[in-house]
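Please construct the entire structure, taking both the sequences and the accompanying hints into account.
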Amino acid sequence: MTTSTAPHPGGARGANAPREGTILVRDLGHRFGDKTALEDGLELRVEAGGVVGLLGPNGSGKSTLMRLLVGLVPLERGAISVDGVQLEKDGLEVRRRVTYAPGELHLYGELTGEEHLRVLLRARPAAALRRARETAEELGLPLKRRVRGYSHGMKRQLVFAAAMAPSVRVRILDEISEGLDPAKRSQILDHIEHDAASGTTILLSSHHLGEVDRACQRIVFLSAGRIIADETAEAVRARAARVLKLRFPESADGEAVAAALQGADVETLSRENGVFRLVLEDEDPRPFLGRLAAAEGLPAPLSIEHGRLSLRELYRSLYGVEGT
Amino acid sequence: MLHGLKSYLVYSFGFLLVLEIMIAAAIYWWPTFEDNAQNIINIASRIPVLGGLATTVKEKGVSAYVYGQQYFKGCAALGTAACVLFAAPSVAGEVHRGTMEMWLARPVSRSRLFTERWLGGFAAIAVPVVLSSLSIAWMLPWVDDSMPLGDLALTSLHMVLFLAPIYAATFAWSSIGSEPMRISFVMLFLSVLAFAMYLVEAVTNYTPYRIVDIRVFLDIEATGRLDWRYYVPLTAATLAGYVVGLRSFLRRTP
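Which chain is which? The protein sequence lines are Y and W, in order.
Those letters in the first sequence? Residues 1 to 324, by this note's numbering.
Those letters in the second sequence? Residues 1001 to 1254, by this note's numbering.
Think of the hints as simulated: they come from the structure by calculation, not from any bench.
All residues carry an ideal CB built from backbone N, CA and C; glycine is no exception.
Where hints are given, some of them may not hold.
Here are the simulated lysine-lysine pairs, BS3-like style, with alpha carbons at most 25 Å apart [unchecked claim]:
| no. | chain 1 | residue 1 | chain 2 | residue 2 |
| --- | --- | --- | --- | --- |
| 1 | Y | K155 | Y | K184 |
| 2 | Y | K144 | W | K1006 |
| 3 | W | K1058 | W | K1073 |
| 4 | Y | K155 | Y | K144 |
| 5 | W | K1006 | Y | K155 |
Reference excerpt, derived from the structure (chain Y facing chain W, CB under 7 Å, subset only) [claimed, not checked]:
| no. | residue |
| --- | --- |
| 6 | L72 |
| 7 | L75 |
| 8 | R77 |
| 9 | L92 |
| 10 | R95 |
| 11 | P102 |
| 12 | H106 |
| 13 | R122 |
| 14 | A123 |
| 15 | F288 |
Here is the structure:
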């Protein structure tokens, strides 16, 4: 069986027809029993080519959305088209046209890495297996060894090697960088950027902003099953750059410190566990830091962090949503 | 868990080896059994059903003995266990170990994935049953006896038809469930219960193991054909199990 990326006869026609390489989600919603996984009316359009990050904390609906996109979870409401093929009409054709790396890593421990690649790339052209081997070797994976002897990161890389191998227009990678050390993560993001540069559409999920933002041109934020923000990565980085975290000695008077920090150059101020979190009016923190240095009676801060945010902090600071 | 041709071959070969060893040993001891048939009947008669079996063997000779050893003792007891142990983890095992998502995400239709695994597991049981039965024709000359290959082929087919619904029912449950150990335990308990019922005269006619009674195989041998009263319901039950399993599998989420 070959992996065709030609236009599909079952695909929609007309001016509003989904194009190849795109991901279109209309009026989606999903429930698992009484629990709402994705709120009704979810809309998403991903144009062909480039990397789109899907960010959200655990339980925000990222994995459910990704599973819906490849037909692993039955569509209850709305419509999905991937690479020009409507999922509800031909889910199998969608799976031929995309690769998917699951977020939850459960592999057949008794198989070797090489055997596992064969299992993962079943029904793909032989060239895909060859490319997967090359990627795995480049990542330093011992393909002759049984997978039960692999570390978590090695398993993640094996799944990544398989997901990147077939020639398709769309890749859906769930938590692909989770559990990797910074060097491997960087190597994987290099692969992703290179692949996207050749015109592939990549939807990448993570619950850590700093893990994937380097590769993303656009970031979609999910919280509690709904999209709460959809911005270019540049805009998100600029907003994140406005966040400053200051830690003062425990002996410092919190009220007095808060009063000293307040000013026209501060948009919001919050305090948690002795750390003051400020969203500045400007991306450049220097004017604020200058004012801070000149403030009388204010103790010297123990630490100053600028532009480094966990996703939870980003949610709270930028979108006013608890990232849980 | 059975995934891939290699594992099917390994499991199937293991099952074949056990059946061959059992039937070879039984055939080796056939002359001793024949010489002591009356004593065995006397001992077995304490359980009337067993006494009846021993009497049938004494009256009908080597073919009744072979049917009892190969089918009733070997394939029915071990075959049932093999059906349960091969089928129970087929789908539920994937869910249990979390590999279901990876299994389904590939560009292969669900009905094909299901059918391949169903047939692969079933072949891993059916082929050893048929091959070990046919090998009896080659073993019997060791004890200066013989049986036609056609009789062995036909009776082994009846045995396979008996095992098929057990396999299909277990597979269907596996397609719905997520705990292969529980499925195996319950199915094995039911089969042991049914086997025990066979030995109790008052309820012996209410157990499915009556379908693989020595007398049924002797009837097949005598008529030279399968009995439709058995193969029609057995086939229907197998197909029903397959359809229930497939429909459940098509709707499953990882």
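Checking each numbered hint in turn, tell me which of them this model violates, lowest number first. Hint check: 7, 8, 15 fail, others pass.
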